[in-house]
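These protein sequence lines map, in sequence, to chains A and B.
The first sequence runs 133 to 668 under our numbering.
The second sequence runs 133 to 668 under our numbering.
Accuracy of the hints is not assured; some may be wrong.
One copy or two, either will do: identical chains are not told apart, so a pair holds if it fits within one copy or between any two.
[As the list claims (entries may be wrong)] Only pairs whose alpha carbons sit at most 30 angstroms apart, straight line, appear in this in silico DSBU-like list of lysine-lysine: (1) Lys266 - Lys422; (2) Lys545 - Lys385; (3) Lys643 - Lys667; (4) Lys538 - Lys632; (5) Lys363 - Lys422; (6) Lys306 - Lys538; (7) Lys422 - Lys538; (8) Lys358 - Lys306; (9) Lys221 - Lys372; (10) Lys385 - Lys303.
Read the hints as simulated data drawn from the structure, not as lab findings.
Treat the numbers as computed from the prediction; the structure is a model and nothing was measured.
In case you want the letters, here they are:
Number of protein chains: 2
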Amino acid sequence: MLTSLPEWAQLAVHARRMALPENHLKYLITQQHRLENFSLLEAGLFYDFSRQRLDADVLKNLIDLAKNRNIIQRFQEMISGDLVNTSEKRAALHTATRSFSADPVMSNGLDVMPDTRRIRDEIRQFSTDIHSGKITGANGELFTDVVVIGIGGSYLGTEFVATALQNHADKSIKLHFLSNVDIDNFGAIIACIVPETTLWIVISKSYTTAETLANTNLVINFLTEKGLYAKNHIVTVTSKGSPGDDPANPVLKSFHMFDYIGGRYSVTSAVGGVPLSLYLGYDRFEEFLKGAEEIDNHAISASEGENIPLIAALISVWNNNFLGYPAQGVIPYSFALSELAAHIQQLSMESNGKSVSRNGELMDILCGSIIFGEPGTNAQHSFFQLAHQGRPFPIEFIGVVNPCHKKYTNKSKGVTNHQELWANLMAQAQSLATGKEDIDKAKSFSGNRPSSTLLINSLSPANIGRLLAFYEAKTVFEAFIWDINPFDQYGVELGKIMAKDIRNEMAEKNKNPDYQFDNRDPVRKFYLDVLFNHKI
Amino acid sequence: MLTSLPEWAQLAVHARRMALPENHLKYLITQQHRLENFSLLEAGLFYDFSRQRLDADVLKNLIDLAKNRNIIQRFQEMISGDLVNTSEKRAALHTATRSFSADPVMSNGLDVMPDTRRIRDEIRQFSTDIHSGKITGANGELFTDVVVIGIGGSYLGTEFVATALQNHADKSIKLHFLSNVDIDNFGAIIACIVPETTLWIVISKSYTTAETLANTNLVINFLTEKGLYAKNHIVTVTSKGSPGDDPANPVLKSFHMFDYIGGRYSVTSAVGGVPLSLYLGYDRFEEFLKGAEEIDNHAISASEGENIPLIAALISVWNNNFLGYPAQGVIPYSFALSELAAHIQQLSMESNGKSVSRNGELMDILCGSIIFGEPGTNAQHSFFQLAHQGRPFPIEFIGVVNPCHKKYTNKSKGVTNHQELWANLMAQAQSLATGKEDIDKAKSFSGNRPSSTLLINSLSPANIGRLLAFYEAKTVFEAFIWDINPFDQYGVELGKIMAKDIRNEMAEKNKNPDYQFDNRDPVRKFYLDVLFNHKI
Numbered sequence: 133m134l135t136s137l138p139e140w141a142q143l144a145v146h147a148r149r150m151a152l153p154e155n156h157l158k159y160l161i162t163q164q165h166r167l168e169n170f171s172l173l174e175a176g177l178f179y180d181f182s183r184q185r186l187d188a189d190v191l192k193n194l195i196d197l198a199k200n201r202n203i204i205q206r207f208q209e210m211i212s213g214d215l216v217n218t219s220e221k222r223a224a225l226h227t228a229t230r231s232f233s234a235d236p237v238m239s240n241g242l243d244v245m246p247d248t249r250r251i252r253d254e255i256r257q258f259s260t261d262i263h264s265g266k267i268t269g270a271n272g273e274l275f276t277d278v279v280v281i282g283i284g285g286s287y288l289g290t291e292f293v294a295t296a297l298q299n300h301a302d303k304s305i306k307l308h309f310l311s312n313v314d315i316d317n318f319g320a321i322i323a324c325i326v327p328e329t330t331l332w333i334v335i336s337k338s339y340t341t342a343e344t345l346a347n348t349n350l351v352i353n354f355l356t357e358k359g360l361y362a363k364n365h366i367v368t369v370t371s372k373g374s375p376g377d378d379p380a381n382p383v384l385k386s387f388h389m390f391d392y393i394g395g396r397y398s399v400t401s402a403v404g405g406v407p408l409s410l411y412l413g414y415d416r417f418e419e420f421l422k423g424a425e426e427i428d429n430h431a432i433s434a435s436e437g438e439n440i441p442l443i444a445a446l447i448s449v450w451n452n453n454f455l456g457y458p459a460q461g462v463i464p465y466s467f468a469l470s471e472l473a474a475h476i477q478q479l480s481m482e483s484n485g486k487s488v489s490r491n492g493e494l495m496d497i498l499c500g501s502i503i504f505g506e507p508g509t510n511a512q513h514s515f516f517q518l519a520h521q522g523r524p525f526p527i528e529f530i531g532v533v534n535p536c537h538k539k540y541t542n543k544s545k546g547v548t549n550h551q552e553l554w555a556n557l558m559a560q561a562q563s564l565a566t567g568k569e570d571i572d573k574a575k576s577f578s579g580n581r582p583s584s585t586l587l588i589n590s591l592s593p594a595n596i597g598r599l600l601a602f603y604e605a606k607t608v609f610e611a612f613i614w615d616i617n618p619f620d621q622y623g624v625e626l627g628k629i630m631a632k633d634i635r636n637e638m639a640e641k642n643k644n645p646d647y648q649f650d651n652r653d654p655v656r657k658f659y660l661d662v663l664f665n666h667k668i
Numbered sequence: 133m134l135t136s137l138p139e140w141a142q143l144a145v146h147a148r149r150m151a152l153p154e155n156h157l158k159y160l161i162t163q164q165h166r167l168e169n170f171s172l173l174e175a176g177l178f179y180d181f182s183r184q185r186l187d188a189d190v191l192k193n194l195i196d197l198a199k200n201r202n203i204i205q206r207f208q209e210m211i212s213g214d215l216v217n218t219s220e221k222r223a224a225l226h227t228a229t230r231s232f233s234a235d236p237v238m239s240n241g242l243d244v245m246p247d248t249r250r251i252r253d254e255i256r257q258f259s260t261d262i263h264s265g266k267i268t269g270a271n272g273e274l275f276t277d278v279v280v281i282g283i284g285g286s287y288l289g290t291e292f293v294a295t296a297l298q299n300h301a302d303k304s305i306k307l308h309f310l311s312n313v314d315i316d317n318f319g320a321i322i323a324c325i326v327p328e329t330t331l332w333i334v335i336s337k338s339y340t341t342a343e344t345l346a347n348t349n350l351v352i353n354f355l356t357e358k359g360l361y362a363k364n365h366i367v368t369v370t371s372k373g374s375p376g377d378d379p380a381n382p383v384l385k386s387f388h389m390f391d392y393i394g395g396r397y398s399v400t401s402a403v404g405g406v407p408l409s410l411y412l413g414y415d416r417f418e419e420f421l422k423g424a425e426e427i428d429n430h431a432i433s434a435s436e437g438e439n440i441p442l443i444a445a446l447i448s449v450w451n452n453n454f455l456g457y458p459a460q461g462v463i464p465y466s467f468a469l470s471e472l473a474a475h476i477q478q479l480s481m482e483s484n485g486k487s488v489s490r491n492g493e494l495m496d497i498l499c500g501s502i503i504f505g506e507p508g509t510n511a512q513h514s515f516f517q518l519a520h521q522g523r524p525f526p527i528e529f530i531g532v533v534n535p536c537h538k539k540y541t542n543k544s545k546g547v548t549n550h551q552e553l554w555a556n557l558m559a560q561a562q563s564l565a566t567g568k569e570d571i572d573k574a575k576s577f578s579g580n581r582p583s584s585t586l587l588i589n590s591l592s593p594a595n596i597g598r599l600l601a602f603y604e605a606k607t608v609f610e611a612f613i614w615d616i617n618p619f620d621q622y623g624v625e626l627g628k629i630m631a632k633d634i635r636n637e638m639a640e641k642n643k644n645p646d647y648q649f650d651n652r653d654p655v656r657k658f659y660l661d662v663l664f665n666h667k668i
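The following block holds chain A by itself, in its conformation from the complex (with noise of 0.2 angstroms):
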């Protein structure tokens, strides 16, 4: 068990000594090269968890809990194709998604790279027919509009990498995502589209998803009404054989996607590569996947303690089990980086959201944090009252040297605005972890609240796809050291066996109104009631 190693044993004797008034954030941060010893600039990021609560002892001492563990090592088993997703006995490669080696990488006997690399030159070929106008809607004319229909991991991760790099959009394609199975979503955004001139891609690895499967019957139902054909406007990404990839239902073009892929890691498959190479051009969505492949590397090959994810990941289980800090929030200083900590949530939350080891055995110990974030400075003026002065939550800000509009410099205070927004970036990290004393308590901040920062240089392709890869890379650290399974997700069964018990009643009662619903559950009785008679 992770509690009985004495590395861990050693780091609860930490924890109580960095809770001694002496160890306070404040008096960490003024120690000589605090932040040379506590950061690390590696593969394009810069790494500053100088304001973390720690020091040299507790970093060795989970730098010795990640070796022990041999984490490292069960990263390269992972992208070497072992089944490390071992409860669903499926490797977990989306780490091959974005390699560009010429090497091999087999899994259950077979190199997945000839499929990955097949799949890239189709997506390829198929983002510059559309842009060259080879393939067109029904009416010749050249898409002016994508609509991603997908939920979860098939949409989240693009939705935040098309957000950030929205200033490389130059393909005149509006993207567009239907997750949502509230008719809503489907109103508002045929409303907006003309759909001669839009493409639909579903992205469903089972094609059985029941809200993607939902508004994919809409919107088949809408091209028919248009005098429209699927065989022209939709694509799907899917697996090999599922009922969307079937020659009997024609569409457009089947992007192939694998059982090795987990949704919430597969932005840099078919999954991200279609949306995104439609939206951006494929050779930006190549510079993005070589950023992503970097970080892949560093990962692999950085020893420990230069190991940029694997030393976030390290410090998230340090304030997550030792500090007590149930909350993690993610503060970008960028307005293109704002769907960022929306991803985050999701790829965090449902892999290391767990209370079984990987051997099945349930944990003596809280896995995964609450995610939660708004760009900066608005989280500022929004909830940074309760980051200052109630339930303190460690901070991982994110910071970018360069933005995309450089021409307007002009200076409000004497500083442009991206001056101002970095006087801030660095004046919440700083305050929070010194805090401030004063008499009247409603004015004092107790500080010792710990973040760290993380630098890109710009808002280029690479350095997203470097973004997206350490937080992932990140996130697999943080299950190898609680040594849980970060690739399932069973969590999310019952609510779905559930939903179809419900599901089959309201079906029952659509086909005939005269039917009674059970009042077995009357709870589930009235509820149904309210639906069906359209009123409270």
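Following the hints, complete the assembly by docking chain B onto the known chain A.
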């Protein structure tokens, strides 16, 4: 002290009792008349708290606590204009902005209602003149775009309401938010508007908020470049006599706001009134106000046991301080309510993320919760893995009985999209509560995870007003129970002071490129060098 009240001590005893296996939610919810006993239908809202971890004794004890604290009387004092914002010696009269009563509301010896009515009249007149074309931009054409320049409480509530009522926006006006000081926010907006038909609304009570001023300066510069003038294209919502209400700097129109309305409570004042009336039409804004007024009247007149926002606040305190949950999810099963959580996050965390009582004493308990959320069913496919099998947190589900887009009744698996949405809403609350045993621990669900469900009949302006006022009243009631001041935000001040200091050093460097950054703080120097060298 709160914690020395007998009701508080008794609640701690109840909490230990509720932790017993026989009080697992799966048993509690099967009690006879559970739903009738633990739900309320009042003032157009249905609030079901039958899946909270409480029973009749706990509820009675919570209500006794509210009575002991005279909570409803304090709410009445707030509405009557008492200086309930004790630290800043101000009233908190957001409720007056939606009062249509003929009665005066006296604050500091003055009736605030004449000003309130005058401003509503000005908003009605102004929005009517914009819609009719009586007021146009420089080229004489109707305005097509409205950009709100404001941050925090100056836009989050408006964004929530505008998104929720998007289906009622038939005035051919698009609404944008320039909230982030990041230059890329400005860049993105000017890329999609026509300057000649764009109206900018600067919202800042003091007109000194650094981010808002920086963005306003950019906009004025931009207008000048285009040969346009503030007097035709900018309106302000600000305090009387502020720099934004100065005849020396003429603007198209200034609407006043007052020190007795805090930013996060300001949606029903001119802060929300001006943009929402332009976007939706004044009549819909007034319907929205009347829905909010109905909840205010409910909150002051209903007894403790029948008072929906008060019961919701008591449950928050119970979950927070007795059952130990640090966070709350806000999960609306509605695409249009996608911005609700971001607004409530500010409203609740900025109001109640405090560590001192109203009298300036350090609290001996943690107040405030971390609030986060995404719409369902999207949230299910994102972070609900953790909600079901990881670290538990209570959830507030919100359901809308009737969707906006009613004409799409296409069925998938026998149900409409709206029914599918409801099947999931119902299934989630049930499965979180009951859980499910399985020999395979990875497929086991511990259950006992609390939730409430709030229903509104439709996405009408009045119902969105009800929802808004419910959360405002809930937040204030929580604060009154804890005896903290929900109307100040001293926690944001330290960061501002430190940012000013950093900004001054940046301004110095802007003036004098030879300036060397002060190396007494090597961390600050490092970040400033990165920023000015444009690379990590």
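Violating hint indices (sorted, rising): 5
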